[in-house]
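**Q** Residue numbers (this note's numbering), protein chains in the order written: chain E, 1 to 315; chain F, 1001 to 1351.
One or more hints might be untrue.
As the list claims (entries may be wrong) - To give an idea of the chain F side of the interface with chain E (calculated C-beta under 8 Å), a few residues: (1) Asn1169; (2) Gly1170; (3) Leu1196; (4) Gln1197; (5) Val1288; (6) Asn1320; (7) Ala1321; (8) Leu1340.
What the hints assert, rightly or not - Simulated coverage check for chain E against chain F, where a stretch passes if three residues somewhere in it have a Cβ under 8 Å from a Cβ of chain F: (9) 57-69; (10) 201-214; (11) 228-241; (12) 295-306.
If you are wondering where the hints come from, they were derived from the structure by calculation, not from laboratory data.
All C-beta atoms in this analysis are idealised placements derived from N, C-alpha and C, irrespective of residue type, glycine included.
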Amino acid sequence: MNIDLITVAFVTGVLAASVRLATPILLTAVGEVFTERAGILNLGLEGTMLMGALGGFLGAYWTGNLWIGVLAAMVTGVIFGLLMGFISITVKANQVVAGLGITILGSGLSTLMFRLAFGLRSTPPTLDIFPTVPIPLLSDLPGLGPVLFEHNALVYLALILVPIAALLLYRTHFGLAIRAVGESPDAADTRGVNVSLTRYLSVIIGGALAGLGGGYLVLGSLGLFWTQMTAGRGFIAIAVVVFSKWDPVRALLGALVFGFASALQISLQTLRVPIASELLLMLPYIVTILVLISVSRRAEFPGAFVVPYYRGGEK
Amino acid sequence: MTANADSENQVPWKNIWARLYPAAFSLLLALLISGLLLLVSGRDPIAAYKGLLSGAFGTGNRFTETLVKMTPFLILAISVSVSFRCGVWNIGAEGQLILGAIASTWAALTFGALPLGFLAPLTIIAAIIGGAIWSGIAGALKAYFNANEVITTSMLNFIAVYFLAYLVNGPLMDPEGFNFPQSPLIRESLELPRLLQGGRLNIAFIVALLLVAGALFYWRSAQGFRTEIVGASRRVARHVGLNVKSNIILVTVISGGIAGIAGWGEIFGIHLRLIEAISVGMGSLAVVVALLGELHPIGMAVSAFLFAALVVGGNAMERNAGVPFALVDVIQGIIILLILARSFIFRGRPS
Chain E
1 MNIDLITVAF VTGVLAASVR LATPILLTAV GEVFTERAGI LNLGLEGTML
51 MGALGGFLGA YWTGNLWIGV LAAMVTGVIF GLLMGFISIT VKANQVVAGL
101 GITILGSGLS TLMFRLAFGL RSTPPTLDIF PTVPIPLLSD LPGLGPVLFE
151 HNALVYLALI LVPIAALLLY RTHFGLAIRA VGESPDAADT RGVNVSLTRY
201 LSVIIGGALA GLGGGYLVLG SLGLFWTQMT AGRGFIAIAV VVFSKWDPVR
251 ALLGALVFGF ASALQISLQT LRVPIASELL LMLPYIVTIL VLISVSRRAE
301 FPGAFVVPYY RGGEK
Chain F
1001 MTANADSENQ VPWKNIWARL YPAAFSLLLA LLISGLLLLV SGRDPIAAYK
1051 GLLSGAFGTG NRFTETLVKM TPFLILAISV SVSFRCGVWN IGAEGQLILG
1101 AIASTWAALT FGALPLGFLA PLTIIAAIIG GAIWSGIAGA LKAYFNANEV
1151 ITTSMLNFIA VYFLAYLVNG PLMDPEGFNF PQSPLIRESL ELPRLLQGGR
1201 LNIAFIVALL LVAGALFYWR SAQGFRTEIV GASRRVARHV GLNVKSNIIL
1251 VTVISGGIAG IAGWGEIFGI HLRLIEAISV GMGSLAVVVA LLGELHPIGM
1301 AVSAFLFAAL VVGGNAMERN AGVPFALVDV IQGIIILLIL ARSFIFRGRP
1351 S
């Protein structure tokens, strides 16, 4: 192990990488905060992210415009969110099974469509990702500058989204409606809130952001698509939501914990720590389990979590 | 539907056709939708499905290969169904299979000098323990920490995959294997006897059928009944004096042990050594097979056979018709969603 490599620049590098690696989890988790606040557990996020990654890739690759890729990723996510909404809100079926189905469908469909579009190639198609845009002045701050203010547009977008999501959830009528249908749909219904519509909007928000989270992997990080490239991030995002106590700001914290575990794993490999790389690769997943058990026992889930809503008499 | 499989399964299959017909409907509709998908993307769905069918049933050899593939699907489906009927959404069959494979191979390599009469049962026991521990972790975390089992079992799947990769690239790597990521071969006398000349069909298939019988027995036993009560309602279970926590841990341990047996069958019946690709896609297949079979042992045997045909045929389809195998994964996803939407489609209103 090469201790000399651990310098200030190295540490800020790891922290900056933590922010980048946290971004897809953050986007997806913030969306899922809305979905779960409305009483729906979307375990299909893994598949939704994969479809978003594919949509983002195709959109950007075919048009040459990264922002169209972003849009395509979000639209793909919305379609999968609507699918989840249809099964959990309209059909009122078991949400856990629906989520598994959507994850299996998303992973299969993204692979199939990619293969149908590009066939088997020895070198996969690639695209140029969003460039790093240092924010003037702020990026010169010692320490903090490179960690927070030397990223690409999508990372900034994800960070700005956190306060916006918090405002939307806590300070608007719409946010109140979402929390009401998740806590007590009966009461919300009596007060004139359209339970189904509010829940649909919440899975649409969740789907759009999960799609964007998947799209980030392609457009903001790797520049290419491959089968199962999300590697469990959809499930990790759900763990982050439990950790966040359904709060967007705490979701940022949770996503950063995961981002740090991933960045640490990568940097330990470059430091040539005498631990096999396969064991280091387990780190983010182990951290996720530890985080989940540290918060789950006392977690207060929304009152009507995973419970379909039937109007009085309907059933 | 799965959510209320608990009550339906109390009744033995009195009207088999009435039970089969919705499942067949889901399967056919999924094939139709996937076919349309192929058509839209400019492929010939008829040629694709022809390739699929002849790949799965074309010759006697193909047919036995379908039975070979059916073996782990069926064992894993029985494994997850035990958890599912207890309301524990254990999706960790893949990781549990891997741990079963690791533990049994390790036992075979470490205690290779023991007489066969000891060693052969030892490998099975090791597989069961390996899978049971891996699943029991998720069960205990759910029982004592309320940790969502879908997330923990999914994370444990990734950890198992990396653990396997670590072992075959490190401590268990074959010293004479030219640096291939694989363990040494198990000793020849441990290879599972083949059932037919030529094919790979072996004793593990019989084990799978025995597990079907075991599962039928389990659901008629007192413990099976307790499992279903806990699955139907935690509140009722507590009310009648059942220990919900210990039941959750028990069913996850049973599930994991069964999944471990699937890993044992793959190693000692097929691969004869530990390799990285022993479990690809099996976790999701286990879930789909179990759900399409309505979590009933016989139903799962039928759907395991169908999916084995789909997988064997899908591979042939990719080779011969150039249609990606991922089509089979798409069919799986559509089937689950159709099963859920079925009551809605049939009656035009929610169940």
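**Q** Identify whether the interface hint at Val1288 (chain F) stands, where standing means a beta carbon of chain E within less than 8 Å of its own.
**A** holds, 7 Å
**Q** Taking 8 Å as the Cβ threshold, is the statement that the stretch 228-241 of chain E is covered by chain F upheld or broken by the three-residue rule?
**A** Holds: 6 residues of the stretch 228-241 of chain E have a Cβ under 8 Å from chain F.
**Q** Interface hint check: Leu1196 (chain F), Cβ to nearest Cβ on chain E, cutoff 8 Å. Holds or violated?
**A** violated, 32 Å
**Q** Do at least three Cβ atoms from the stretch 57-69 of chain E come closer than 8 Å to Cβ atoms of chain F?
**A** With 0 residues in contact (Cβ-Cβ under 8 Å with chain F), the coverage given for the stretch 57-69 of chain E is violated.
**Q** Can Gln1197 (chain F) be said to touch chain E, with a Cβ gap under 8 Å?
**A** violated, 36 Å
**Q** Taking beta carbons only, do three or more residues of the stretch 201-214 of chain E come closer than 8 Å to chain F?
**A** Per the Cβ count (0), the hint is violated.
**Q** Please verify that hint: Asn1169 (chain F), Cβ, nearest Cβ of chain E, below 8 Å or not.
**A** For Asn1169 (chain F), the interface hint holds, since the closest Cβ of chain E sits about 7 Å away, which is under 8 Å.
**Q** Is the shortest C-beta separation between Gly1170 (chain F) and chain E less than 8 Å?
**A** Holds: closest Cβ of chain E sits about 6 Å from Gly1170 (chain F), inside 8 Å.
**Q** Take the shortest C-beta to C-beta distance between Ala1321 (chain F) and chain E; is it under 8 Å?
**A** violated, 13 Å
**Q** If you count the residues of the stretch 295-306 of chain E with a beta-carbon closer than 8 Å to a beta-carbon of chain F, do you get 3 or more?
**A** As far as the stretch 295-306 of chain E goes, the hint holds, because 3 residues have Cβ atoms under 8 Å from chain F.
**Q** Double-check Leu1340 (chain F) for me: the hint is only fine if its C-beta lies closer than 8 Å to a C-beta in chain E.
**A** At 4 Å from the nearest chain E Cβ, Leu1340 (chain F) passes the 8 Å test, so the hint holds.
**Q** May I ask you to test the interface hint for Asn1320 (chain F) with respect to chain E, counting a Cβ-Cβ separation under 8 Å as satisfied?
**A** Result: violated, 15 Å to nearest chain E Cβ.
Hint violations for this structure: numbers 3, 4, 6, 7, 9, 10, all remaining hints satisfied.
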